[in-house]
Amino acid sequence: MRPMTTIRLAATATLLLAPAPLAAQVVQASARGAGMADAYGALARGAAAAFYNPALLGLRDNPGFTLLLPSASVTGGAGPITLRDYRDYQGLVVPDAVKREWLNRIPAGGTQNSDAVADIGAFGLQAGPFAITAGAVGNAEVGLPRGAVDLFLFGNVDSLGRPRDVTFQNGRAEGYGIGFVAASLGIPVWTRGKGDAQERVSIGVTGRWVGGGGMFNLWSVNGGISASPIQGTLTFPTAIVYKQGGGLAGQGVGVDVGLAWQSKSLVLAVAATDAYNSFRWDATARRIVNGRAFFSADSTRDNTTEVALSDPSIPAALRDSATRRIDDAIFKPSFRASLAWTPSRKLAITGDLLRRTATGDNLQAGVRTVLSGGVEYRLIGFLPVRGGVAVMDGGTLWTVGTGLELGVVNVNVAYGQRRGDLGRAERVAVGVAFGNGR
Amino acid sequence: MRDGSPRWLALATLLVAGCDIPTSTRTPIIQSQFLVPVKADSVGVAELLPSGVTLVGGQFRVSVPATTASQTLGGLCGGLCSGFLPKPQFNGTVTASVSQPASVASAVTGTGGTLTLTFTNGLGFDPVRPPGTPSRGRIVTTVTSGTGVVLVDTLDGTNTAVPGGVSTYTIAIPAGRTLGPVANASMAVFSPATSTAVNMQPTSAFGVTVTPTAVSAASATVRVVNEAFSSTSASLSFDDLSADVRDRVDSATAEVAVANPLAVSGGASLTFRQGAAAIVGPKNVTLSGAAADTLRVRFSSTEIRSLLASTGATAVFAGTVSGPAGNGNQVTVTPASQVRLDTRVRLFVRIDGN
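Protein chains in written order, with my numbering: chain F, 1 to 438; chain E, 1001 to 1354.
None of these hints come from the bench; they were simulated from the model.
Here are the computed distance ranges between Cβ atoms for each label pair:
| id | chain 1 | residue 1 | chain 2 | residue 2 | range |
| --- | --- | --- | --- | --- | --- |
| 1 | E | Ala1277 | F | Asp327 | 52 to 58 Å |
| 2 | F | Ala283 | E | Ala1277 | 52 to 58 Å |
| 3 | F | Gly110 | E | Ser1288 | 41 to 47 Å |
As the structure is a computational prediction, the values presented were derived from the model and not from experiment.
The beta-carbon is built from N, C-alpha and C at its ideal position, and this holds for glycine as well.
Could you put together the complete structure from these sequences and hints?
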């Protein structure tokens, strides 16, 4: 007997049900922007502007100097079994009735989803129209089929303790980690008037070097345990890209371009992020696991051996499938249209429309369209409060935030919740900046 | 700010308290059950056979002792054979009784068995080839058991002589005949008349030793009384089970699904061994005699973790069983009969983040 496979399945499921480990994603590293549901594409200034639209660096009220310390916006969620469910039973045995209710939330053929996104701005330095930024890009998502959740929660027995059939299909998990260094420039190309009433049009460009740390993709996890005889199967083809011994598993360059128009109290801006991006995963770093396992009373077989994607032992169809997924794991352009209206020094109202062209296995393909709106109000000059809402593919997001603007030191925090197809996610952001920008 | 700070602090606290972010590193505890199979095993019929019955070449071999019978010439000849005279025709019978082992109530014969007749002819002449005549006699052997005829065979004097002294004659036991506890062998001796005078002594004897050899049976009804058995599984491999998974097993139950067509019952024990050392057990169980039964043995967390940490452990199922008491402990078996044991282990797993 080798119950290893069964138990490993369960142990793996434990990890997948729990909030997934946090990875990173670029652009929305600003805690101020996070408090406004990322409707920040026309309000950002200083080094933060480089993450959204480089043309903002050329606007009238762009500060002379800002320094962003490492900041992060972290989102992690799960659903239909949510983090709240998780929290409610921390340290407690989950009763069978509750487990049943959790399971029933997942429709037949559906999945329990966990995702984690962390936007990390490792560094940002802006002087005048120039900015240099560095950060990390990443994401991790897991879709655990209902059958796998069932197996995790109840094992392979029915309510009477008898063996039962449990099957699951189309489980998936994917993730990646990427770092970048970027240089941005925003310059005015047209002005009219003077002072605070000056109208201005600026353009901006960001050149970005992107280095890939690695990625993985389990695109079709299938398996199950039969009741009679008790035997289990599991297939989990896994494409992996990383450099053995360390180093970059992929690299390329990307270019963002932006355009902004500013009047006395209104800014309209558009940006194309990754309008060009040559990032590709290194062919020599591509590996694969033709993952499969079988157990019965009489025998156990499994394969978790990782080999080069070119290894002749890999069936051609499997290699082609993995190759296609790795080739597709690249950045595609995304477009942002933004406005910011600041009728007074106390109030700012913003709106953004983000449209990503990424699909399928492209990086950042999970949410393609986001329409967000935010508001910032200063009860006291140095104490802003913020709020924002966003609607996106299959979900909504609300956020709140605040900050302390103490001279040249700005500290911002934000919290939000995302609800939708991927479940309920929590978002926390914190950032510190030096300079006379925000 | 001095007045505002507490309010903002309170708001921040409320925000954090109201959110769904886990507040500690403790995780929910999921308790689930996993049934994992152990290689199926069985107690073969050979383990349950009483003495005198063995399993050879897919058939039972019943050890039937030889028996000897004899008849005097006077008995064979009805008192007509005496003196130095031409021998009259006679037709007499020698009978012998053959008993199966006491533990065998009945058996259905298989192939390959023989009955060897060892004649000890003290008559002074060959009864089937008497001198001075071309006529030949015969010995018709009939074996019956109960009301059934097991075999009928004719030794024809034309082909076979039964000279003075010792001679043998072998008869094949046909398959598919039912043997009861006792079989009677009747050897009817027909000796033709001869005009040649022979010396006939009424007290001279004609003896027959009946030796059943390699008596096989396709099935048998045997008495099973306190028969000991022992069944050892193939090696159980837990060696690739990591310690962190092992530690999540709270407890376990070994469940032995018993398919018991023989309806034997008795006491048994289940022991998991590594080499000669017992890792877990012996755990006592009772075979009820039901055709289908499930025996359960509960392991403590310490025991199951010891078992899961073992390498090459075996499950030894041993005990003493008897046939149904209401049926005289009789069990009808075939060489393929077995008590099948499907053992599985029910692991009560506690899954948490610790």
